[in-house]
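K.L.:
This is what each chain is made of:
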Amino acid sequence: MLENLLLPLVIGLPLLGFAVLGLFGRRIGEPAAGWLASLLVLGSFCLGLVLLLQGGARWTLAEWLPGIPFSLNLDNLSGVMLMVVTGVGFLIHVWAIGYMHGDPGYSRFFSYFNLFIAAMLVLILGDSLPVVFIGWEGVGLASYLLIGFWYHERVNADSARKAFIVNRIGDLGFLLAMGLLWSMFGTLSISELVDKVEAGGYSFTTLTLAGFFLLIGAIGKSAQVPLMVWLPDAMAGPTPVSALIHAATMVTAGVYLLVRHAFILHGDGFLAGLIVAIGLLTAYYGALCSLGQWDIKRIVAYTTLSQLGFMFVAVGVGAYWVAIFHIVTHAFFKALMFMTSGSVIHALGGEQDVRQMGGMRKYLPATHLHGLVATFASGGLVPLAGFWSKDAILAYAFEFGPWLWVLMLGASVLAALYSIRWYVLVFWGEYRGKAHPHESPAVMLWPNHILMGGALGVGFIGLPYVIDYKNFIEPYLTKAIGDFPHEKLPVLTEWVLIAISAVVAVAALWWGFRFFQQKMPAWYERFQAAALQGFYADALYNTLLVNPAKGLAELLFGGDKGLLSGFAGLGSLMGGLGSLLARLETGALRFYLAGLLLALVLLLGWGVLR
Amino acid sequence: MIWLVASALLFSIGAYGALTRRTAILVFLSIELMLNAAALSLISFSKLSGSLDAQVVVLFIIAIAAAEVAVGLGLIVAIFRRRETTSVDELRQLRG
Amino acid sequence: MLTLYVLAGFATVLSLLAFVISREATRIVTVAGLVLAGLFCVVGWGQTVEAFGGLYRFDTLARGLTLVAILGGLWALLLGPAKKFEYPLLLLFAVTGMHIMASSPNLVVLLIALEVFSLPLYVLATWQRDEKGFEAGLKYFLLGALGAAIFLYGIALYFGATGSFTAGSSGSGPLYIAGLFLIMAAFAFKTAMVPFQWWSPDVYQGSPTVVTLFMATAVKAAAFAAMLRIFTPEGLEAWGVGMAVLIALSTLFGNLGALNQTEAKRLFAYSSIANAGYLGLGLLGPTGQATVPFYLLTYGLATGLIFAVLSMLSNQDVPLERLRGLWYRKPLLGGAMGLGILSVLGLPPLAGFWAKYLVFQEAARAGFYGLVVLALVTSAIGAYYYLKTFFLIFSKPTPVQEAEDREAEAALAQFGSSEAPGIPVAAAPMGLTQGLMAPAARMGAPALGLLLAAMGLLGLLSVLPGLGLRAFSAGLTPAVAALSITAPKSGSTLTAGSQALQGTGRPGESLELFDNGNLLGTVTVGPDGKWSFPLPASAQAPGAHTFEARQPGQTRGERVEVEFLRPSGPSFTGLQDGATVAATGFTLQGTAQPGQVLEVFEDGASLGRVTADANGQWSLNVPPPSGGTRVYEVRPEGAASGARISLVVPEAQAGAICSQSFALSNLQAGGTVSRPFRFGGVGSASSYTVLVRRGDRIIGRKEIPLSAACGWSYFSDPGPGEVTYEVRETGKLETEPPLATITLKVQ
Amino acid sequence: MIHLGLWLPLLAGLLLLILPGLGRTFAVASAVVSLVISCVLFAGYGGQGVAYASQIPFLPEAGVYYALGLDGAGLFLWVAVNLVVLLGVWIADVPVRFLAYALMMQTGLLGIFAAQDLIFFYFFFEATLIPALLMLWFYGGPERLRAIYIFALFTLVGSLPMLAAIFAVRFLGGADSFLYTDLAANPLTGQTAALAFLGFLVALAVKTPLFPLHAWLPSFHQQNHPSGLADAMGTLYKVGIFAFFKWAIPLMPEGFREWQGLLLFLAAFGAIYAAWVAFSAPDWKTLLAYAGVSHMGIGALGLFSGNTEGTVGALYLLGASMIYGSAMFLFVGLVYGRTGSLEINPVRGLAKHTPALYVLGMFLLMAMIGLPGLSGFPGELMALLGAYKVSPWLTFVAFLAVIAAAAYALTAFQKLFQESAQAQAVPDLNAREWGFAAVTVAVLLLMGLYPKLFTVYLEPLGKAIAALLGGAS
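Protein chains in written order, with my numbering: chain G, 1 to 610; chain V, 1 to 96; chain E, 1 to 747; chain W, 1 to 473.
No lab work stands behind these hints, which were simulated from the structure alone.
Yeah, the Cβ is synthetic: ideal placement off N, Cα and C, and Gly gets one too.
Incorrect hints may appear among the rest.
Said to hold, decoys possible - The list that follows gives simulated cross-link-like pairs (lysine-lysine, DSS-like), each with its CA atoms no further than 25 Å apart:
| no. | chain 1 | residue 1 | chain 2 | residue 2 |
| --- | --- | --- | --- | --- |
| 1 | G | K550 | W | K463 |
| 2 | E | K702 | E | K745 |
| 3 | G | K479 | E | K732 |
| 4 | W | K463 | W | K452 |
As the list claims (entries may be wrong) - Simulated restraints, written as ranges between beta carbons of each label pair:
| no. | chain 1 | residue 1 | chain 2 | residue 2 | range |
| --- | --- | --- | --- | --- | --- |
| 5 | E | F715 | G | V503 | 52 to 62 Å |
| 6 | W | H3 | G | L573 | 37 to 47 Å |
| 7 | E | I698 | G | E554 | 53 to 63 Å |
| 8 | G | L573 | V | G50 | 57 to 67 Å |
| 9 | G | K550 | W | W7 | 48 to 58 Å |
As the list claims (entries may be wrong) - Facing chain V, a subset of chain E residues (Cβ under 10 Å, in silico):
| no. | residue |
| --- | --- |
| 10 | S118 |
| 11 | Y122 |
| 12 | D130 |
| 13 | K132 |
| 14 | F151 |
| 15 | A156 |
| 16 | G163 |
| 17 | P201 |
| 18 | G206 |
| 19 | R266 |
| 20 | A663 |
Build out the structure end to end from the sequences listed, making use of the hints.
P.N.:
What follows is the structure, encoded as structure tokens:
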């Protein structure tokens with residue numbers, strides 16, 4: 001890998017867009033600002049691709065802080081992520097040119113969008129934990145700014161703030177991980193850490209702790225249970241934001257972080273179990289919640305949660321390349337799903353309630369096609385992208401333990417159900433609203449066409465070994481992640497598993513297609529009421545954490561004033577003592593005489609007898 | 001030696017008087033008594049050491065005492081003229 | 001000498017002339033006399049004049065403090081009443097008495113001087129002729145007379161114990177102590193130190209403000225001058241603790257008592273009690289002769305400013321409330337008083353800070369740390385009331401006060417006179433009192449000039465305190481430098497070499513130096529008070545040494561105990577520093593103490609440990625290093641440094657054919673090693689793979705290509721613990737036996 | 001040069017006080033010259049040791065020298081102080097005499113960082129109080145009297161134990177003078193060192209500020225002039241960390257070790273405590289006051305860990321927080337100029353009318369809560385790395401403040417700028433304010449993105465401290 005000055009330029013292009021649009025955006029005007037931002041991202045994509053094809057690149061600024069270099073590293077792992085972020089990012093940028101049309105904050109939006117891309121690239125390319133952290137917080141900032149893009153509505157501003165604060169909990173984990181790794185190894189450079197961890201000579205328990213801290217960071221960023229509460233609220237931002245940040249890229253950063261540090265996690269039973277448990281919980285929680293939502297974007301948001309849970313399970317069972325593979329496929333089909341939703345919202349003039357939708361297949365034929373592909377990919381229909389990545393996860397889960405496989409199969413059934421529910425409610429039945437739906441402009445359709453192509457075909461880079469013994473992505477990623485050998489399943493078992501999951505997906509999709517067109521039975525209504533509230537997680541947190549914390553703050557504030565009174569009390573005490581002493585000056589001459597003589601006697605007596 | 005004891009006794013008597021008398025004049029007189037007690041002890045020390053220095057000093061003391069009396073009596077008379085009393089216990093305006 | 005003549009002469013002659021000449025003339029002559037006397041103080045600064053067989057001693061101390069007293073006198077004169085000629089005369093007598101007090105080492109003269117300045121003060125205190133004035137005067141007089149009696153009795157006992165009336169005579173025994181303590185009590189009375197302070201708040205409050213000003217500045221100066229002569233550091237043993245008690249009580253009582261005062265003069269009376277305590281600290285230290293006058297000067301200026309402003313406001317009580325808004329109503333007065341207050345508070349950068357700092361330092365040098373801490377704590381308490389007053393001055397005036405101001409101005413326009421600003425004309429004292437107290441120059445040019453001059457001088461001392469301190473140090477005998485050994489420190493461990501004994505002593509004195517009781521030689525102290533003596537080799541033999549420096553004829557002196565270490569460093573032999581060695585590895589050799597365990601480092605990376613053999617020889621094979629200049633170091637086990645040698649390793653030619661069989665150069669035996677470390681050797685395979693194990697767990701693999709010099713080398717920086725390295729040819733299965741197995745315990 | 005740099009502001013201030021007609025231009029000119037001088041000094045620094053040292057006997061009998069000199073930290077802080085003063089006199093909407101006091105205070109602050117003699121350090125440490133008091137006194141709010149008392153008494157009372165400890169350091173340590181070099185060569189040992197360190201601790205805890213001696217700070221800020229200039233100067237006056245680093249620890253390493261546990265605890269507890277309290281702050285100044293306490297807690301935690309990273313982090317954080325903290329107060333002053341109130345609670349929605357001010361505020365806010373890439377982060381990170389080595393648990397506690405900071409800062413920010421806009425339109429930044437904003441943002445970015453510029457000079461100092469304290473602990 002060569003030192004390459006072009007590497008910082010990959011980050012620099014969108015950063016330039018941020019600065020230019022931030023400073024002069026209003027003068028650049030409406031379509032130009034969007035196109036400028038998009039082209040810069042495309043430039044980043046091309047540059048990254050060139051560098052990647054050259055076999056990667058490095059760039060290092062020797063001393064950024066004492067003992068900490070500022071280094072970037074483009075290897076296969078970060079390269080794949082780079083392609084996803086800039087590629088899908090470019091498409092969403094273009095789509096947003098149409099979607100954000102007419103918004104007063106048009107140029108501001110693209111400025112933030114470019115900032116996000118730049119920060120995400122720092123996160124991906126950083127080879128030193130503090131540099132990664134710059135990107136890590138940078139995407140948090142961009143997310144905050146974009147969720148609260150329409151900040152004059154209180155609910156949007158609140159959601160943005162909530163996202164930032166909850167993310168900060170994860171950031172604390174990241175910070176502590178840095179502290180621990182520094183104290184263990186004296187370096188924070190990831191490539192050096194790999195060597196140090198290999199060399200050994202430390203307590204494995206401590207290393208587990210470091211992995212645990214990193215995991216907390218990942219949980220925050222990837223909205224896993226128990227820090228999942230911010231993601232549904234984050235849908236307050238414009239739809240392109242949801243597609244880019246809260247589906248395709250930023251939320252997968254936690255998974256990426258764990259994969260990047262696979263050398264710390266690998267072989268640790270405790271962490272593996274923990275990650276699997278968290279992923280599983282999230283997968284079920286997201287899926288179940290999604291089934292109860294009415295807001296079109298919240299439905300998709302919860303599906304994202306569920307899919308992130310899948311990725312975590314993949315990390316937990318040691319299938320690091322699979323997690324990245326799923327990130328890639330997920331980026332395509334989930335972005336597509338979001339943008340399809342966005343197109344529908346756009347078509348209905350801002351309506352987001354699915355109860356006011358239905359029958360869109362007639363009004364929006366192209367969008368309907370996008371929605372159908374997204375549903376099938378997400379639902380795991382053979383041979384769409386989602387099926388292959390999910391199947392790989394299931395295979396690894398089976399290795400980990402057949403029980404996990406069963407549970408994961410259940411989760412993928414739910415995935416098929418929520419996908420088809422979304423599809424049915426939006427596109428089937430009769431139109432229940434009053435607006436006049438109209439198909440989106442070309443600038444919004446074409447990105448969706450491309451994404452649809454991805455959702456259809458991208459799965460073929462990672463076929464199971466029984467079909468394609470040397471698929472593209474596994475060895476490619478393994479080179480960068482590190483080789484953690486595992487026993488492959490017997491060919492027969494593998495085939496059986498593939499067949500079961502294919503059949504189950506089809507069955508679930510079919511059943512769901514039927515079920516969600518009927519009137520809902522009573523048990524489902526009850527379930528839906530709870531799911532709509534996210535199973536009361538927000539209320540629980542407010543009661544248990546937020547409100548007590550606020551109350552304590554009030555209490556402490558009062559106490560702090562009391563502290564000052566305490567000091568003042570010390571002063572009054574002195575004053576009182578002084579008054580008492582001053583009363584000795586009685587004014588009576590004979591008292592003075594007596595005092596004087598008494599003092600003399602005491603002084604003399606003490607002096608002489610001493 | 002006995003004179004030393006006597007002078008100490010005299011000093012104490014003066015101190016006692018200064019504490020117990022209420023009239024400014026008598027208080028002052030008691031203090032003069034203490035001054036003279038000191039003079040007495042000087043003389044006895046002079047006798048003990050055989051040096052005449054101390055005896056010369058006593059002469060100075062007598063002059064000093066006289067000067068003090070002049071000022072002191074003037075002060076007390078002025079107060080008496082204004083207040084018609086010289087009781088020290090009634091002078092308690094200044095306090096605290 | 002001339003100062004005495006001028007003061008005494010003017011006083012005597014004026015007593016007669018005053019009946020003849022006008023009041024104004026008396027004042028002018030008095031001022032002239034004081035100025036002249038002040039001039040004669042300054043002329044010949046630093047010289048000491050003795051007269052009357054030692055009864056009169058006009059040295060720097062006397063000069064400085066006489067100046068302070070004259071300053072106070074001038075001030076009181078210029079601001080004071082002008083209706084009667086006695087006022088300047090009494091002041092002149094008082095200043096004369098103070099001058100004598102400051103200039104005599106004889107106790108009897110001191111007693112006379114005390115009376116000479118006290119008697120006029122008793123009269124001045126009652127100058128106002130109102131109830132409070134009389135009360136103050138009588139209290140001052142009766143208590144003062146008692147003080148004089150105590151002083152005299154003290155003198156008698158002192159004479160009995162020492163047979164001398166000279167201050168600073170040494171003595172011992174209860175009689176001596178009793179005499180000294182009685183004298184101390186008398187002076188504590190004059191300077192208002194607790195528990196002899198009783199009179200001061202009442203008298204300060206009851207007296208006319210100008211007189212209070214005079215008392216606060218001049219009396220303290222005179223009394224402390226005498227105390228500096230009587231309570232010398234040499235006798236600290238006898239009187240130190242007594243003084244310490246007085247100081248502790250004074251600072252506590254003064255500062256605490258002032259906290260809730262509502263009347264300005266009374267408040268500053270308490271403040272002056274506290275300051276007497278701080279001044280007392282200066283007596284304890286070795287250079288109090290310079291620092292106490294410095295303190296008195298700055299304190300005199302600052303407190304003078306305060307009382308001068310107060311006296312310009314009123315000659316009677318000044319409730320604190322009346323100070324509110326002074327800055328806005330009379331900026332000059334407000335500013336001057338503010339400056340004075342901050343200086344007394346001791347806020348840097350004002351002169352008061354330096355003064356406080358210097359006297360605190362005196363106490364610290366004398367070892368009274370507890371007292372210093374107490375003094376600091378009480379200054380902290382004091383800050384409260386000083387700041388309270390300060391902020392009152394700088395507050396906005398109330399509407400009522402502003403109305404009063406207008407009224408007073410109107411009255412001034414109408415009647416041509418008025419009391420100080422803010423006092424309704426109707427409330428001003430009338431009749432006899434007013435006549436007596438009518439100001440001479442309350443806001444006249446001289447008073448104003450004095451105010452500005454004092455502020456200027458205070459400012460100058462703030463910026464250049466050294467100027468003042470040096471002035472007061474002029475002509476003092478240099479402090480006796482105690483004999484000491486400054487280097488090496490006692491208890492230190494040294495390595496033999498060019499060590500020297502260093503220390504301080506009296507300049508020019510020759511000292512005898514001993515090593516474990518044996519005479520090493522003599523050394524003469526240099527003019528700077530320092531000496532140095534290079535230790536001969538015999539005095540640096542390994543083991544414990546007690547070095548002692550004695551003054552000639554003494555049997556005991558200053559000692560230090562040190563330990564000399566054996567010069568034990570291992571060293572390299574065979575190779576010269578900077579020599580060129582083979583790139584394919586070489587052997588390092590050297591000497592050390594037999595049996596010593598050594599560790600060899602290459603650019604900070606360990607190459608392993610060796611043990612010196614019975615002949616003190618050691619050697620170690622160095623695996624092929626990379627080209628360039630390498631620094632090798634051999635350290636005793638656990639040491640932080642040792643002998644170094646730098647060697648040049650040539651760059652190996654590429655393309656050489658390697659035919660050596662595999663070999664491991666160093667660390668063959670394993671054992672304990674520091675990290676990072678390097679091991680390696682030669683070989684012929686194109687690369688070797690090192691497998692790293694901890695226990696049963698494989699924690700890493702690393703492929704090492706063969707270098708151009710046919711060497712292989714593994715650099716590792718693992719954590720502590722036991723690590724096993726297995727070296728195999730690359731490509732060989734891990735089930736095959738390794739070429740080499742190295743088990744290391746990493747530290 | 002160093003003398004000129006030190007005394008020029010005082011002279012300019014006095015001149016301005018006498019001739020207020022010279023106006024703001026004169027104050028700005030003086031501040032610019034000061035900044036240029038400090039930058040020239042910084043550029044000419046060799047990177048090692050105390051540069052520009054000069055030493056003139058002042059009270060040689062008492063061992064006091066007028067000794068100045070700047071090491072890496074001193075230079076760094078000089079630049080920071082001069083920059084903030086320039087920003088302050090440039091932007092603050094105050095009477096001319098106010099600017100004069102600010103300039104006078106500048107000299108005191110520069111003196112604190114340049115003094116190489118302990119007595120002179122104390123001198124500057126205390127003398128700086130006077131202009132601060134005057135600013136509060138003449139231009140403070142209605143309750144200023146109380147605030148002044150509290151401020152002055154905390155400072156004065158707190159520093160007296162330090163004076164006692166100063167004596168102990170010299171006379172018990174056996175140094176010949178109060179010069180840093182002399183004192184450092186004769187450190188105190190044993191029980192004495194512990195006691196003397198306690199003396200320093202009290203004084204410096206007031207000025208760090210460390211819990212519970214931070215109690216003066218909220219009222220100080222609440223009552224100061226709403227323009228924020230006095231608050232900015234007050235922020236610069238929080239020199240406790242520097243003094244611990246420069247004097248207390250090197251002169252009494254054993255004393256420091258004795259108290260290290262307590263110090264770490266106080267720092268960590270203060271960090272989270274103040275951040276938590278800030279959440280309930282009713283107005284911006286109170287909020288910033290507590291935020292400052294919280295940041296200094298983190299800085300102090302780094303310093304008290306006694307290793308290279310921690311020390312570098314603490315010093316860097318100190319300099320950075322001087323700049324962003326002060327700029328934040330000045331920014332709040334701008335807000336006050338537009339809305340006439342500093343209360344947090346009513347929703348104002350300013351962003352609609354003042355987008356540029358909103359962006360400036362966002363930058364400052366993010367720097368304040370330690371967003372990487374802005375000036376607050378490098379210091380916090382290094383402090384964390386240092387502190388974690390010594391005490392993971394306390395580090396965890398202290399860095400909970402990271403979460404709390406986001407909570408209080410964003411909540412207040414949201415109420416000020418976001419949500420529904422207020423009816424009354426207010427003007428956005430004018431040309432002068434744009435200048436302030438541009439410089440501030442540039443510095444925040446520079447310090448955040450290229451910390452090496454300064455850390456390269458701080459690192460040797462950190463190593464020296466670590467070596468003095470014997471490695472990691």
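K.L.:
None of the hints should be skipped; say for each whether it holds.
P.N.:
For each hint, the structure was consulted:
no.	hint	verdict
1	G:K550 x W:K463	violated (41 Å)
2	E:K702 x E:K745	holds (20 Å)
3	G:K479 x E:K732	holds (22 Å)
4	W:K463 x W:K452	holds (16 Å)
5	E:F715 x G:V503: 52 to 62 Å	holds (56 Å)
6	W:H3 x G:L573: 37 to 47 Å	holds (46 Å)
7	E:I698 x G:E554: 53 to 63 Å	holds (56 Å)
8	G:L573 x V:G50: 57 to 67 Å	holds (60 Å)
9	G:K550 x W:W7: 48 to 58 Å	holds (50 Å)
10	S118	holds (9 Å)
11	Y122	holds (6 Å)
12	D130	holds (9 Å)
13	K132	holds (6 Å)
14	F151	holds (8 Å)
15	A156	holds (4 Å)
16	G163	holds (5 Å)
17	P201	holds (8 Å)
18	G206	holds (5 Å)
19	R266	holds (7 Å)
20	A663	violated (99 Å)
Comparing the model with each earlier hint shows violations of hints 1 and 20; every other hint is respected.
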